[in-house]
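These protein sequence lines map, in sequence, to chains W and B. The opening residue of the first sequence carries number 1 in our numbering; numbering runs sequentially from there. The opening residue of the second sequence carries number 1 in our numbering; numbering runs sequentially from there.
Hints are not guaranteed to be accurate.
Keeping only pairs whose Cα atoms sit at most 20 Å apart, straight-line, the calculated EDC-like set for lysine to aspartate or glutamate is [what the hints assert, rightly or not]:
hint, chain 1, residue 1, chain 2, residue 2
1, W, Lys-308, B, Asp-163
2, W, Lys-308, W, Glu-345
3, W, Lys-342, W, Glu-577
4, W, Lys-146, W, Glu-648
5, W, Lys-390, W, Glu-345
6, W, Lys-265, W, Asp-26
7, W, Lys-308, W, Glu-327
8, B, Lys-347, W, Asp-283
9, W, Lys-278, B, Asp-163
10, W, Lys-323, W, Asp-290
11, W, Lys-622, W, Asp-642
12, W, Lys-390, W, Glu-427
13, W, Lys-122, B, Glu-315
14, W, Lys-265, W, Glu-219
15, W, Lys-454, W, Glu-427
16, W, Lys-278, B, Glu-225
17, B, Lys-155, B, Glu-220
18, W, Lys-278, B, Glu-289
Hints listed in this document are in silico derivations from the structure and should not be mistaken for laboratory results.
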Amino acid sequence: MADSSTPQVQRQTLSQRLFLFLGSMDLAITLLLTLAIASIIGTVLQQNQPYTDYVIKFGPFWFELFESAGLYDVYSSLWFLAILTLLVISTSVCVIRHTPSMLRDMWNLRTHVQEKSLQALKHNERWTVASQAEQTANALQVEFAKQGFRVKQTIKPEGILVSAMRGGMNRMGYILTHSAIVVICLGGLLDSNLPLKWAEWRGTIKIETRDIAVSEIPEASKLPVGRQAFRGSINIPEGRSSSIAFVAMRDGYLVQSLPFRIEVKDFRIEHYATGQPKSFETDLVIHDTDLAEPLATTISVNHPLIYKGYAIYQASFSDGGSKLEIEAWPFAAAQATLVETKVFENTQFHWGKQQFQLEMTAFRPFNINPDPTEEDPARLRNFGPTMGFKLRSETGEALEYLNYMLPVQREGRDFFLSGVRSSPADEFGYLYIPVDSQGEITGFNQFLMRVRDKALVAEIAQQMMAETLAAINSDEQNLQQSLQSTLVKLIAMFEQGGFASVTEFIETSLPEVERASLGPAYLAMLREMLARIYFSDLSDNEMVADEQLLFLQDAVDAMGSLPRYGSPVYLMLTDYEQVEASGLQVAHAPGKPVVYLGCAFLITGVFLLFYLPQRRFWALAKTQQQGSTVILAGMSNRNSRDFEPFFEQISNRLKQLDGNSH
Amino acid sequence: MTTKIGTLNLIEDRPLIQWLWRGAMALAALALLVIYADVFDVYEISIVIFTAVTMALLGQNWAGFRHHSITVTILSLLAIQRYGADLSLADSDFLLSYILASQSAFMWMSALFVLATVTYFIGLILRSDFTQQVGTGLTWSAATMGMVGLMVRWKESYLIGVDVGHIPVSNLYEVFILFAVMTSIIYLFYERRYQVRSLGGFVLLVISAAVVFQLWYAFERNAHEIQPLVPALQSYWMKIHVPANFVGYGTFAMAAMIGVAYLLVSWRQQVKADSRLVQSMPSLAIMDELMYKAIALGFAFFTVATILGALWAAEAWGGYWSWDPKETWALIVWLNYAAWLHMRMTKGWGGRPMAWWAVIGLFVTLFAFLGVNMFLSGLHSYGTL
């Protein structure tokens with residue numbers, strides 16, 4: 001994009017002016033910087049996320065505004081492509097404008113120079129030698145050639161001119177770097193999804209946004225095998241195969257057919273001794289009628305399979321429908337129901353009058369999570385298998401759960417751990433159910449059953465009331481009634497709404513003046529009641545162990561969070577058989593060789609441009625009465641400071657050609 | 001020998017020394033290829049040969065580089081010999097625990113870089129050639145200790161486990177050291193070639209900043225621990241992509257610091273034409289040229305590095321270009337310096353605006369290098385803070 005001074009043209013046509021504008025340096029620099037600034041947007045705003053995430057993040061107003069500006073896929077939005085196109089046009093115009101003169105400059109030894117113009121150059125020198133002009137010129141020519149110059153002699157009226165040049169390829173650097181930009185962009189265009197957008201705009205294809213079986217996807221969303229570029233992905237469970245890939249487009253996808261079938265035999269993760277993943281590998285078999293026998297191979301990260309120009313990458317992994325055995329423990333029940341299901345399978349089940357749909361969403365055989373200790377704040381530990389699932393009620397609302405198979409230790413005690421959240425945007429809130437002395441959930445359930453046992457609660461309330469009144473020596477009928485009903489009510493409130501409801505009751509129903517004194521008393525009474533209920537099956541003189549007190553405390557905490565847990569059952573994973581799915585990326589990029597060619601141009605060009613200066617010398621040999629005079633001049637188009645010693649070195653060599661120089 | 005600041009130093013070493021050096025490099029490469037014949041693949045063989053050729057060219061007329069390379073070799077071999085097969089010697093062996101174990105070597109490097117920065121500035125203030133020469137010596141020793149640390153760390157990773165072993169350019173901590181070493185060696189090259197010792201303090205300022213950050217990172221986040229490679233990084237591409245990138249980052253940082261010196265001198269010149277600073281610094285023209293040279297070198301290597309990254313991405317991520325934040329920021333850096341070079345080479349801009357632009361360029365580069373890892377998420381998140 002050299003800005004050579006164009007001769008002043010009196011009248012330019014519009015197209016000439018446009019041509020000059022497009023090829024101008026100012027436009028080029030403006031475009032480079034505009035492109036740089038525009039590129040920032042897509043790095044700040046995460047691209048190609050599910051559209052629902054954007055709605056949550058920005059709210060409906062900004063979501064739509066950003067969507068219409070194409071900000072969720074900036075780099076294929078029209079305005080971004082327009083800047084890129086303009087840059088390509090501008091660069092092309094520059095190349096077209098300057099290539100002819102560059103090529104000429106590359107070869108031309110510039111024989112049309114005169115003594116005067118040589119003397120006007122910054123680097124010039126003059127000396128005399130004993131030999132004749134012809135001999136001198138010949139000797140100069142030989143020496144220049146020895147130094148790697150291209151040389152030419154021309155007879156001039158004033159003498160013999162030897163023109164020499166080295167590094168003419170510097171000019172090639174200009175042509176290569178600038179055409180590289182055009183070539184790379186064109187190659188990139190071949191691999192872009194522009195043809196798909198065009199087809200979508202014309203209505204020949206339609207983006208599918210529903211989550212449906214492949215067989216139900218309409219033809220308009222399917223892409224036949226062809227030469228077009230695409231980058232698709234597909235999850236294939238072990239033992240299964242597929243001959244399609246899903247190409248993500250905005251908030252949906254298209255189905256790309258492949259000219260072969262990929263079968264996944266096995267997916268493996270290997271780990272380092274520290275537990276971090278070391279390799280992800282898939283054993284694949286390619287089935288293709290063109291193959292004499294199926295092609296079996298193993299791919300891993302950094303080692304894709306290239307078959308028929310399609311590249312198959314190890315991109316991710318997921319569950320491929322692991323078989324799970326689950327015990328469903330309804331809270332406050334003595335018996336569990338056995339459920340057998342698979343990941344990604346839905347099961348209906350009833351509990352009482354409620355009907356639920358159990359949707360298994362994930363299974364992981366290990367979970368390496370941070371487990372910091374005092375000595376090692378960065379400690380990691382394997383927390384064992386987890387299963388993720390959703391429980392959907394009849395109204396369609398669903399809560400998402402994450403249950404750990406093995407009890408988790410906290411402060412030296414074991415807990416069944418289950419996380420719950422209502423939206424993927426939230427963090428999980430965790431329920432810690434204490435494990436009883438038999439290692440089961442039964443202890444907690446039995447306690448809960450007693451808390452829900454109205455008759456038992458009433459009996460214990462009465463006992464407690466009697467003891468309390470005896471302690472304060474009162475037998476007032478009214479007080480008896482109200483105290484007993486309060487105790488029963490407190491338990492009922494706690495059981496239904498946790499500590500939150502009790503606190504709310506205190507704040508709304510007690511007069512303000514009594515709140516400060518009665519509030520803590522109510523909570524103390526509640527705890528006393530719960531303890532009495534818990535210990536109600538003990539005989540009077542039995543000693544209570546510390547573990548039991550801790551269990552009581554943990555169970556009360558768990559019970560308090562139960563209302564927020566939202567599920568009437570606890571699902572306990574008892575056994576599993578893992579089936580993995582390998583996440584493959586399948587790509588077809590016909591533009592790749594073009595882009596690589598452009599890259600080769602760019603690298604070659606940049607080094608030629610910066611590190612191969614074009615250096616020209618002229619030596620004019622003039623016949624004198626005795627011998628001849630040499631006028632030497634030189635110039636370099638780059639690095640003039642480096643040229644100075646070079647010029648000296650060359651001129652010294654030339655001067656030594658004839659011993660008689662003085 | 002007193003030389004005028006800024007004159008080109010084109011002194012060539014005696015042919016005997018040149019040939020000895022080239023021969024040594026050839027022998028070293030050959031030895032490596034023979035010793036590791038069983039484990040090297042074709043890419044690793046090419047990398048060894050390429051490295052030997054580069055070092056032969058750099059060292060044939062550059063005594064400092066030769067001494068540096070030889071010292072690094074001797075000290076690294078010594079450390080490896082002391083280690084044997086027992087990593088725990090890092091704490092018990094005197095030589096290892098105080099000097100040669102990678103962590104100790106990095107501490108020496110850090111201290112020496114900071115010391116060199118201070119020395120250069122003292123030399124500048126006192127206008128003492130000798131002090132500035134001491135600065136150069138300290139910079140060389142810092143670069144040597146840094147390089148020794150990297151070499152020894154490479155070996156240490158293999159002592160942890162054969163499958164853990166890898167070249168130490170895989171995370172933010174390691175590349176910070178690479179950055180400090182690379183930048184200092186590139187600076188020393190220009191310092192010798194253009195005889196511009198008075199720029200040392202300025203350039204080392206950015207290296208010292210990197211060193212301080214790296215120390216904080218090590219102490220605060222335990223970042224110095226050697227971690228095994230995630231699958232995506234297990235590739236020979238890492239060995240060339242990362243160093244090529246750091247030639248780019250290093251030269252861009254150097255250009256920016258020369259820009260700072262330029263702005264300072266040109267401001268002093270306006271205030272007081274014959275001020276001490278103006279007299280002891282290289283002329284504006286030389287700094288302007290150095291800035292251009294550095295950016296041109298950085299641009300060339302950054303282009304190569306980005307293209308290498310694209311080739312790697314085509315093997316690891318399923319496409320040569322994914323508009324991943326790191327890729328995109330590399331493009332932004334590239335576009336920025338492309339515009340800078342066009343401005344300078346064809347529009348003939350120079351002086352203060354270009355110096356300012358070079359300084360701003362450092363912030364763009366810094367964001368691509370650090371900011372992306374800190375603030376943005378993407379495929380390239382190996383070096384999160």
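Now for the hints, and whether the structure bears them out:
no. : hint                  : in the structure
1   : W/Lys-308 x B/Asp-163 : violated, 33 Å
2   : W/Lys-308 x W/Glu-345 : violated, 36 Å
3   : W/Lys-342 x W/Glu-577 : holds, 9 Å
4   : W/Lys-146 x W/Glu-648 : holds, 17 Å
5   : W/Lys-390 x W/Glu-345 : holds, 11 Å
6   : W/Lys-265 x W/Asp-26  : violated, 58 Å
7   : W/Lys-308 x W/Glu-327 : violated, 49 Å
8   : B/Lys-347 x W/Asp-283 : violated, 57 Å
9   : W/Lys-278 x B/Asp-163 : holds, 9 Å
10  : W/Lys-323 x W/Asp-290 : violated, 36 Å
11  : W/Lys-622 x W/Asp-642 : violated, 29 Å
12  : W/Lys-390 x W/Glu-427 : holds, 15 Å
13  : W/Lys-122 x B/Glu-315 : violated, 52 Å
14  : W/Lys-265 x W/Glu-219 : violated, 30 Å
15  : W/Lys-454 x W/Glu-427 : violated, 36 Å
16  : W/Lys-278 x B/Glu-225 : holds, 17 Å
17  : B/Lys-155 x B/Glu-220 : violated, 25 Å
18  : W/Lys-278 x B/Glu-289 : violated, 48 Å
In this structure, the earlier hints numbered 1, 2, 6, 7, 8, 10, 11, 13, 14, 15, 17, 18 are contradicted, and the remaining ones agree with it.
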